[in-house]
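Student: The listed protein sequences derive, respectively, from chains X and S.
Counting from 0, one number per residue, gives the positions in the first sequence under numbering that gives the first Met the number 0.
Counting from 0, one number per residue, gives the positions in the second sequence under numbering that gives the first Met the number 0.
A hint or two may mislead.
Below, in silico cross-link-like pairs of lysine-lysine (DSS-like), each with a Cα-Cα straight-line distance of 27 Å or less [stated by the list, open to error]: (1) K240(S) <-> K201(X); (2) K191(S) <-> K205(S); (3) K144(S) <-> K191(S); (4) K192(S) <-> K201(X); (5) K304(X) <-> K228(X); (6) K234(X) <-> K202(S); (7) K201(X) <-> K9(S); (8) K191(S) <-> K201(X); (9) K209(X) <-> K326(X); (10) K202(S) <-> K201(X); (11) K299(X) <-> K247(X); (12) K201(X) <-> K195(S).
If you are wondering where the hints come from, they were derived from the structure by calculation, not from laboratory data.
Chain by chain, the residues:
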Amino acid sequence: MAKKLMKGNEAIGEAAVCAGALNYFAYPITPQSEVAEYLCWRLPEVGGAFVQAESEVAVGNMLFGAACSGKRVFTTSSSPGISLMQEAISYMAGAHLPVVLINIMRGGPGLGGILPAQSDYFQATKGGGHGDYRTLVLAPASVQEAVDLTILAFDLADKYRNPVMIIGDAMIGQMMESVEFPEKYREQNDPAESDWALNGAKGRESRILKSLYLDPEKLDENSFMLANKYDMMKKDEIRYELYNISEKNRLLVVSYGTMSRVIQTAIDEIGEEEGISVGLMRPITLYPFPGQQLYDEAVKPNIEKVLSIEMSVGQMVEDVERFVRGKKPVEFSGRTGGIVPTPDDVKGYIRKSLGIEK
Amino acid sequence: MINDATTIFKRPESLSETVTHYCPGCTHGIIHRMVAESLDELNLRERAVGVAPVGCSVFIYNYFNCDFMEAPHGRAPALATGFKRTRPDMICFTYQGDGDLASIGMGEIVHAANRGEKITVIFVNNAIYGMTGGQMAPTTMPGQKTTTSPFGRDTNLAGYPIRMAELLATLRTPSFIARCSTQTPMHIVAAKKIIKKAFRLQKEEKCFSLVEVLSTCPTNWGITPCDATQWIIDNMEPYYKLGVLKDPEKGEG
Chain X
0 MAKKLMKGNE AIGEAAVCAG ALNYFAYPIT PQSEVAEYLC WRLPEVGGAF VQAESEVAVG
60 NMLFGAACSG KRVFTTSSSP GISLMQEAIS YMAGAHLPVV LINIMRGGPG LGGILPAQSD
120 YFQATKGGGH GDYRTLVLAP ASVQEAVDLT ILAFDLADKY RNPVMIIGDA MIGQMMESVE
180 FPEKYREQND PAESDWALNG AKGRESRILK SLYLDPEKLD ENSFMLANKY DMMKKDEIRY
240 ELYNISEKNR LLVVSYGTMS RVIQTAIDEI GEEEGISVGL MRPITLYPFP GQQLYDEAVK
300 PNIEKVLSIE MSVGQMVEDV ERFVRGKKPV EFSGRTGGIV PTPDDVKGYI RKSLGIEK
Chain S
0 MINDATTIFK RPESLSETVT HYCPGCTHGI IHRMVAESLD ELNLRERAVG VAPVGCSVFI
60 YNYFNCDFME APHGRAPALA TGFKRTRPDM ICFTYQGDGD LASIGMGEIV HAANRGEKIT
120 VIFVNNAIYG MTGGQMAPTT MPGQKTTTSP FGRDTNLAGY PIRMAELLAT LRTPSFIARC
180 STQTPMHIVA AKKIIKKAFR LQKEEKCFSL VEVLSTCPTN WGITPCDATQ WIIDNMEPYY
240 KLGVLKDPEK GEG
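Construct all of the structure, not just a fragment, from the sequences and the given hints.
Tutor: Here it is, written out as structure tokens:
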């Protein structure tokens, strides 16, 4: 299919249609309201359903009900809205339901701001709501990758019957880039073929989708069933990208999303201009985190330090520290509040980390 | 002569054989049966999906022979909305108590009704929180003693009980809204007709339907089952008037 110039938010909407996800529930919130503005006319064209809910609390629970049908369902929102959905996300994880949630992050805490930030790493990767559960988290760094990961997210949600979250900063939603969609659009899941969805107790026992287990043995069993899924994800779903890795690298930078693209420019420039060699690891799955892969890169003898650069006050850095296991010093640099560090800023972070005066 | 015997009364197919956990004198069992009979008579069981609340009826899914999902507290109408929009060919109903629907779930029920979701809501009002042990609900009567209003509901601090059926009937969107009760067999017969109509309207893809059912809670009211039915007559019915408040088939929708 020919390349199109599209705004990230609209491209994400079309990607969902492409994935056969035609049931969308949302509440307006900057900086991602364009998704709903796009899908409110696009979904009826393809026989889909869009409900503009009364709140994000309702969105989360509409997703819960809709996911019980076995069809592909999703929402898009931004940080404060995602907070309001956490109740339902916890319930859906407990009830083993596939759902895709796309968080176009803004700065926080509280109402925060509406500009790009990566403030929701903890919330997305450490559970978010109450209870022993995880969401699989994907982080795109371009509009094209937002499309590709949106399509992948639905496959992974179905595969694991677990919530999958995409976290992109406002830049991913707001910028226009050229994108290409697959030629073939996927059909919706057929609920009649599902062996778990609520499709009517005809000729079979009734089915119950729930997260309530008052018997501690049963709750323990369900919680470890979830944990086993996360172990499978750790084995099969880790995705990451390496950039400019060489034996000359003195520093290993870890970064995801839009921030990682600025870092690539900074790495190119500081290499050419100052002869400083820096490698980048970009996790694409934030949960499960490419921890062993990070460790393997970090322990290489040429690496002096590991530097996590984020559009936050330092969240992913805690995982970086955890996986580097004290083998190398781990540092953090970043800005938040909607400030995207420039390549010059990043070069400053690199020099500072390596103790280089300019 | 056994061959001449005719079954005139049996367990509805939509009800399972599980013994309920409800207290003696509680009318949840009667209301479950009315819902189950309605599903049977309208031939809806095999495409029915229920949404269980949080409250005494949280285990309703064990007592029915149809598919169920278990909602977070108060959110059942949002789940039903999501399911029904995704599967408009199915029948979806919620079964909620007064804490669930009129307190924590106020937002979800009002907006589901206002969007005119083609779902059926069975709203069981017993003027108290049952499962958590008898706390004050938004529907608790003025002066009624509960564990969180031991001197009686003070309307200066807690306001007056919310009349959900009346509140929802003010919405312009067409819907079927009715209140019925369970205190005598005569009331139960009338309630059954109303509940069945609520499901029929969904079957015919007509409108949102909600039936508020006044129900007993002898355990948390601290009285006997017989006194509990009288308590509905003396205390609840004068305030929560019975009848159909909104009916699309009577030009009132």
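Student: Look at each hint and say if it fits the structure.
Tutor: To see whether the hints hold, each was checked on the structure:
Distance restraint check for K240(S) and K201(X): the Cα-Cα separation of roughly 39 Å exceeds the 27 Å cut-off, and the hinted pair is therefore not satisfied. Of the supplied pair hints, the one linking K191(S) and K205(S) holds, its CA atoms being roughly 19 Å apart against a limit of 27 Å. Distance restraint check for K144(S) and K191(S): the Cα-Cα separation of roughly 31 Å exceeds the 27 Å cut-off, and the hinted pair is therefore not satisfied. Between K192(S) and K201(X), the direct Cα distance comes to roughly 26 Å. Compliance with the 27 Å bound is thereby established for this hinted pair.
Taking the CA atoms of K304(X) and K228(X), the gap is near 33 Å; set against the 27 Å cutoff, the hint is violated. For the proposed pair K234(X) and K202(S), the alpha carbon gap of about 47 Å is over 27 Å, so the pair is violated. Straight-line distance between C-alpha atoms of K201(X) and K9(S) comes to about 21 Å, which keeps the hinted pair within the 27 Å bound. Distance restraint check for K191(S) and K201(X): the Cα-Cα separation of roughly 25 Å lies within the 27 Å cut-off, and the hinted pair is therefore satisfied.
Taken as a hint, the K209(X) and K326(X) pair is broken in the structure, with Cα atoms around 44 Å apart against an allowance of 27 Å. With a C-alpha separation of about 17 Å, the suggested pairing of K202(S) with K201(X) holds against the 27 Å cut-off. In summary, the hint linking K299(X) to K247(X) is supported, as the alpha carbons are separated by about 11 Å, within the 27 Å threshold. Between the alpha carbons of K201(X) and K195(S) the distance comes to roughly 21 Å, so the proposed pair stays at or under 27 Å and holds.
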